[in-house]
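Engineer: Here is how the chains run, residue by residue.
There are 2 protein chains.
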Amino acid sequence: MIVELISVGTEILLGNIVNTNAAYLAERLAGLGMSVYFQETVGDNPKRLEETLRRAKDRSDVVILTGGLGPTQDDLTKETAAKVCGKRMHEDQKAKEYLIAYFEKLGRGWEEISENNWKQTMVPDDSIILYNDNGTAPGIIIQADDNKKIILLPGPPNELIPMYEKDVEPYLCSLEQGVLYSKVVKVDTLGESSVEMQILDLIDQQSNPTIAPYAKPGEVHLRVTAKAKDEKEGKALVMPMVEELKKRFGSYVFTIEEDVTMEEALVSLMQRYHLTFATAESCTGGLLAGRLVNVAGVSDCFKEGFITYANEAKIKHLGVSEQTLQKYGAVSEQCAREMSEGLAKNTGAEVTIATTGLAGPGGETAEKKTGLVYISCTINGKTTVQKFQLKGNRSRVRNSTVVRAITMMRQCILREYAEI
Amino acid sequence: MIVELISVGTEILLGNIVNTNAAYLAERLAGLGMSVYFQETVGDNPKRLEETLRRAKDRSDVVILTGGLGPTQDDLTKETAAKVCGKRMHEDQKAKEYLIAYFEKLGRGWEEISENNWKQTMVPDDSIILYNDNGTAPGIIIQADDNKKIILLPGPPNELIPMYEKDVEPYLCSLEQGVLYSKVVKVDTLGESSVEMQILDLIDQQSNPTIAPYAKPGEVHLRVTAKAKDEKEGKALVMPMVEELKKRFGSYVFTIEEDVTMEEALVSLMQRYHLTFATAESCTGGLLAGRLVNVAGVSDCFKEGFITYANEAKIKHLGVSEQTLQKYGAVSEQCAREMSEGLAKNTGAEVTIATTGLAGPGGETAEKKTGLVYISCTINGKTTVQKFQLKGNRSRVRNSTVVRAITMMRQCILREYAEI
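Chains as they are written, first to last, in our numbering: chain V, 1 to 420; chain L, 421 to 840.
Certain hints may be false.
[Stated by the list, open to error] With a straight-line Cα cutoff of 25 Å, these simulated PhoX-like cross-link-like pairs (lysine-lysine) come out:
1) L:Lys525 to V:Lys368
2) V:Lys183 to V:Lys246
3) V:Lys166 to V:Lys183
4) L:Lys723 to V:Lys345
5) L:Lys503 to L:Lys525
6) L:Lys666 to L:Lys652
7) L:Lys723 to V:Lys387
8) L:Lys807 to L:Lys788
9) L:Lys467 to V:Lys303
10) L:Lys568 to V:Lys47
11) L:Lys568 to L:Lys503
12) V:Lys369 to L:Lys568
13) L:Lys649 to L:Lys747
14) L:Lys765 to V:Lys303
15) L:Lys789 to V:Lys105
16) L:Lys789 to V:Lys303
17) L:Lys649 to V:Lys391
18) V:Lys303 to L:Lys655
19) V:Lys148 to V:Lys87
20) L:Lys765 to V:Lys316
21) V:Lys369 to L:Lys503
22) V:Lys345 to L:Lys736
23) L:Lys655 to L:Lys667
24) L:Lys586 to L:Lys647
25) V:Lys345 to L:Lys765
26) L:Lys788 to V:Lys105
27) L:Lys723 to V:Lys368
28) L:Lys723 to V:Lys327
29) L:Lys811 to V:Lys105
30) L:Lys568 to L:Lys649
31) V:Lys303 to L:Lys723
32) L:Lys652 to V:Lys303
33) V:Lys316 to L:Lys736
34) L:Lys788 to V:Lys303
35) L:Lys467 to V:Lys148
36) L:Lys636 to L:Lys666
37) V:Lys382 to V:Lys327
38) V:Lys316 to L:Lys723
Rather than coming from a laboratory, the hints here were simulated on the basis of the structure.
Here the structure is a predicted model, which is why all the values come from computation and not from measurement.
Excised from the complex, chain V in its bound form:
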């Protein structure tokens, strides 16, 4: 099935916002095995939108439009789509109820609902309405007479994403013969030159299920998707492949849950074993703790961290020896080791992690080039230090270090506690 994406909004044309919706939808659709050949962005201009939509409807089976469903006069996506499909509009009673309920949730009475908001409850004939729990604009699936589908979704990601996952994806699957069943296997890339290289045989043989790899910084998501007559058959096709991938990548698989991030997987693991951790950061300068603290509930295991950017701070808070700094420098295996070991001593945390590296620009020597990073992890008195030569500019080196530190912590905890 061929799907085309049209993003509507002057703010995208002006570059005021980056179009993350298109990337989100494209990735989800690829995961379903659907083809996206074109993505377009147009402003809130009915003539140009109509021209673009007619062409898209002509060459694709499904067109998804995002944005332009707001209450203002600029917002003309719905009217234009109805015109292109030759549909008249009517008022939807349930959309009115949702609108009133949404205003009440905001603590505002229905008498505050403006004429323009009521306009949002008008929908084209022969359409499926996707009621919106997070905003005033319902989504709409228009079923055109030529069997093409035009799907209208609100632009704000916090409205679009839940609506897509709850209503649109199941609808799209229903258009195919049977169902599409999919699972994601998330693999971290520490020590792996290429995750894809290790599954080339599986990719070559694939027919049903298919395996689609997506690379993210420091991780690869392998989406396994099967077409089947029902969910049960889909699961039976997908799960053996998931098991095969888990076997191949072992402890490098950090989750097979759709919405679990790398840092959440790490924090869950620490919660499972009742571990606390502490951080000592030089080159990452707080980014590592900053990312781990984004996990709600991290306070169970995280009490404190140090940003020891200067040598004096490494000595004062972590007990790194002056001799080590003089002899080997701050960016050295020895310094990294003393950092995480000193941190363990000073904080009593079961797991301590330390980063030190050359993020550049400047500071290079003949032996130490920008991108040289040492990460040290101490657990119950046992220390592992790893050396990395990372690529890219200051910001990229620092962010790559964060991802590798998270991976190292998880690997070391598994080795210590799960006896892998």
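Given chain V's structure and the hints, the job is docking chain L onto it.
Structural biologist: Okay, now just chain L, sitting in the frame of chain V:
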């Protein structure tokens, strides 16, 4: 002048990467007063690319294509563009020299240059070559016979951005009658409900120069652009408006330099007054220091920071009193004040900053709702505490806190040292 953007690349169609190039180019073009009505994304498919490019060339004056200039057989942007413009290809001698120099920079001999790389030195007739310091693919401006311009740029942002700024923008300006001269005034939004509201009169009156506001998290960029016969006249038109904006926003203007970020402006200010700073973070958990450390040269003024996530860490490292924590809680004006004052005492830094807040989810009380944040800044024994009620989810509250902390530090330093 009407400009159209075409992004070429299967990785965008699959959602593997977010299209930040389109947003970057759109914003820069809007700043030059140029109109972008359409943006498209197509894969590495010559037929679909040709169809898209022909239509774009038909309806726009300039078409900028990004991506698809790589060395592999998939990369067909250049060949397709030459075909659409009816141009033959020839080898460019200087592009060959650049290619050899680039390989040498990587420490690789020219004998390692593959057949496919040499292909990258082929260019269409009647074109301007944009030599690439950061990669193997030159950019190309094809001047078509119908006076339309097709501009081909490499996809990686670290190649595209310098090439656009150095070569493409001046070229586009040269196409207009006279020149476009522009300056950006970057304003932080602390305490300002809306920057735009304060310049509505200027926006209403504008003709030449124009003022275009772009909102970013915690800051607004006001781009002032004039059309003029030469740079001198442009400057004479633009600078009085820049001065007016500086007068209206006073110390909230953190820079009028194109490439200076909020954190760089802060670090420069501290370098100017020879100040050191230290950080103590609770809800931001390292993100604030992490962002400041992204400024190269921050080591002049940053030695150490603490992530005091737990109450015990606030007591141990910052000397917050147990009584304060019991009576007012960790998220309180009193706690924030003791954090930055204790930090000053323990580190001796001239400027100390502390964050404490409820980023959610969970932990709310009747008085303290998610998004409640206190930031405290101590300079030479004088402390300023500000209370914020921020919107959004955990990640947004934490990032908003970082931006406000940076702004507060700058404001407090200016008040103490610049006598504003």
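Engineer: Look at each hint and say if it fits the structure.
Structural biologist: Okay, the hints, checked on the actual structure:
1. For the proposed pair lysine 525 of chain L and lysine 368 of chain V, the alpha carbon gap of about 17 Å is at most 25 Å, so the pair holds.
2. Straight-line distance between C-alpha atoms of lysine 183 of chain V and lysine 246 of chain V comes to about 12 Å, which keeps the hinted pair within the 25 Å bound.
3. As the CA atoms of lysine 166 of chain V and lysine 183 of chain V are separated by approximately 16 Å, the hinted pair is consistent with the 25 Å bound.
4. A distance of roughly 21 Å separates the Cα atoms of lysine 723 of chain L and lysine 345 of chain V; the hinted pair therefore holds under the 25 Å criterion.
5. Using a Cα cut-off of 25 Å, the hinted pair lysine 503 of chain L and lysine 525 of chain L is violated, with the two alpha carbons roughly 33 Å apart.
6. For a cut-off of 25 Å, the pair hint linking lysine 666 of chain L to lysine 652 of chain L stands: about 21 Å separates their Cα positions.
7. For the hint linking lysine 723 of chain L to lysine 387 of chain V, the alpha-carbon distance of about 24 Å falls within 25 Å, and the restraint holds.
8. Taking the CA atoms of lysine 807 of chain L and lysine 788 of chain L, the gap is near 12 Å; set against the 25 Å cutoff, the hint holds.
9. About 58 Å separates the Cα atoms of lysine 467 of chain L and lysine 303 of chain V, which puts this hinted pair outside 25 Å; it is violated.
10. A threshold of 25 Å between alpha carbons decides the hint, and for lysine 568 of chain L with lysine 47 of chain V the separation of about 23 Å falls inside it, so the pair holds.
11. Taking the CA atoms of lysine 568 of chain L and lysine 503 of chain L, the gap is about 14 Å. The hint holds against a cut of 25 Å.
12. Distance restraint check for lysine 369 of chain V and lysine 568 of chain L: the Cα-Cα separation of roughly 46 Å exceeds the 25 Å cut-off, and the hinted pair is therefore not satisfied.
13. Between lysine 649 of chain L and lysine 747 of chain L the alpha-carbon distance is near 67 Å, which puts this suggested pair outside the 25 Å criterion.
14. Taken as a hint, the lysine 765 of chain L and lysine 303 of chain V pair is honoured in the structure, with Cα atoms around 21 Å apart against an allowance of 25 Å.
15. Distance hint between lysine 789 of chain L and lysine 105 of chain V is fulfilled; the C-alpha atoms sit about 16 Å from each other, no more than 25 Å.
16. For the given pair, lysine 789 of chain L sits about 22 Å from lysine 303 of chain V by alpha-carbon distance, which is consistent with the 25 Å threshold.
17. Under the criterion of a C-alpha separation no larger than 25 Å, the hint pairing lysine 649 of chain L with lysine 391 of chain V is inconsistent with the structure, at around 45 Å.
18. For the hint linking lysine 303 of chain V to lysine 655 of chain L, the alpha-carbon distance of about 54 Å lies beyond 25 Å, and the restraint is violated.
19. A hinted pair counts as satisfied when its Cα atoms are at most 25 Å apart, and lysine 148 of chain V with lysine 87 of chain V qualifies at roughly 13 Å.
20. With a C-alpha separation of about 15 Å, the suggested pair lysine 765 of chain L and lysine 316 of chain V falls inside the 25 Å cut-off, and the hint holds.
21. This hinted pair does not check out: lysine 369 of chain V and lysine 503 of chain L have alpha carbons roughly 44 Å apart, beyond 25 Å.
22. This hinted pair checks out: lysine 345 of chain V and lysine 736 of chain L have alpha carbons roughly 15 Å apart, not beyond 25 Å.
23. Pair hint lysine 655 of chain L plus lysine 667 of chain L holds up; C-alpha atoms about 18 Å apart against a cutoff of 25 Å.
24. At roughly 20 Å between alpha-carbon atoms, lysine 586 of chain L and lysine 647 of chain L fall within 25 Å of each other, so this suggested pair holds.
25. Between lysine 345 of chain V and lysine 765 of chain L the alpha-carbon distance is near 24 Å, which keeps this suggested pair within the 25 Å criterion.
26. Distance hint between lysine 788 of chain L and lysine 105 of chain V is fulfilled; the C-alpha atoms sit about 19 Å from each other, no more than 25 Å.
27. In summary, the hint linking lysine 723 of chain L to lysine 368 of chain V is supported, as the alpha carbons are separated by about 22 Å, within the 25 Å threshold.
28. Taking the CA atoms of lysine 723 of chain L and lysine 327 of chain V, the gap is about 21 Å. The hint holds against a cut of 25 Å.
29. Between lysine 811 of chain L and lysine 105 of chain V the alpha-carbon distance is near 16 Å, which keeps this suggested pair within the 25 Å criterion.
30. Among the hinted pairs, lysine 568 of chain L with lysine 649 of chain L is consistent with the structure: their alpha-carbon atoms are about 23 Å apart, no more than 25 Å.
31. At most 25 Å may separate the alpha-carbon atoms for a hinted pair to count; lysine 303 of chain V and lysine 723 of chain L meet this at roughly 21 Å.
32. At roughly 58 Å between alpha-carbon atoms, lysine 652 of chain L and lysine 303 of chain V are farther apart than 25 Å, so this suggested pair is violated.
33. Simply put, lysine 316 of chain V and lysine 736 of chain L have alpha-carbon atoms about 14 Å apart, close enough for the 25 Å limit, and the pair holds.
34. With a C-alpha separation of about 22 Å, the suggested pair lysine 788 of chain L and lysine 303 of chain V falls inside the 25 Å cut-off, and the hint holds.
35. Between lysine 467 of chain L and lysine 148 of chain V the CA atoms are separated by roughly 23 Å; this keeps the pair inside 25 Å, and the hint holds.
36. Among the hinted pairs, lysine 636 of chain L with lysine 666 of chain L is consistent with the structure: their alpha-carbon atoms are about 19 Å apart, no more than 25 Å.
37. Using a Cα cut-off of 25 Å, the hinted pair lysine 382 of chain V and lysine 327 of chain V holds, with the two alpha carbons roughly 23 Å apart.
38. As the CA atoms of lysine 316 of chain V and lysine 723 of chain L are separated by approximately 11 Å, the hinted pair is consistent with the 25 Å bound.
Checked against the numbered hints given earlier, this structure breaks hints 5, 9, 12, 13, 17, 18, 21 and 32; the rest are met.
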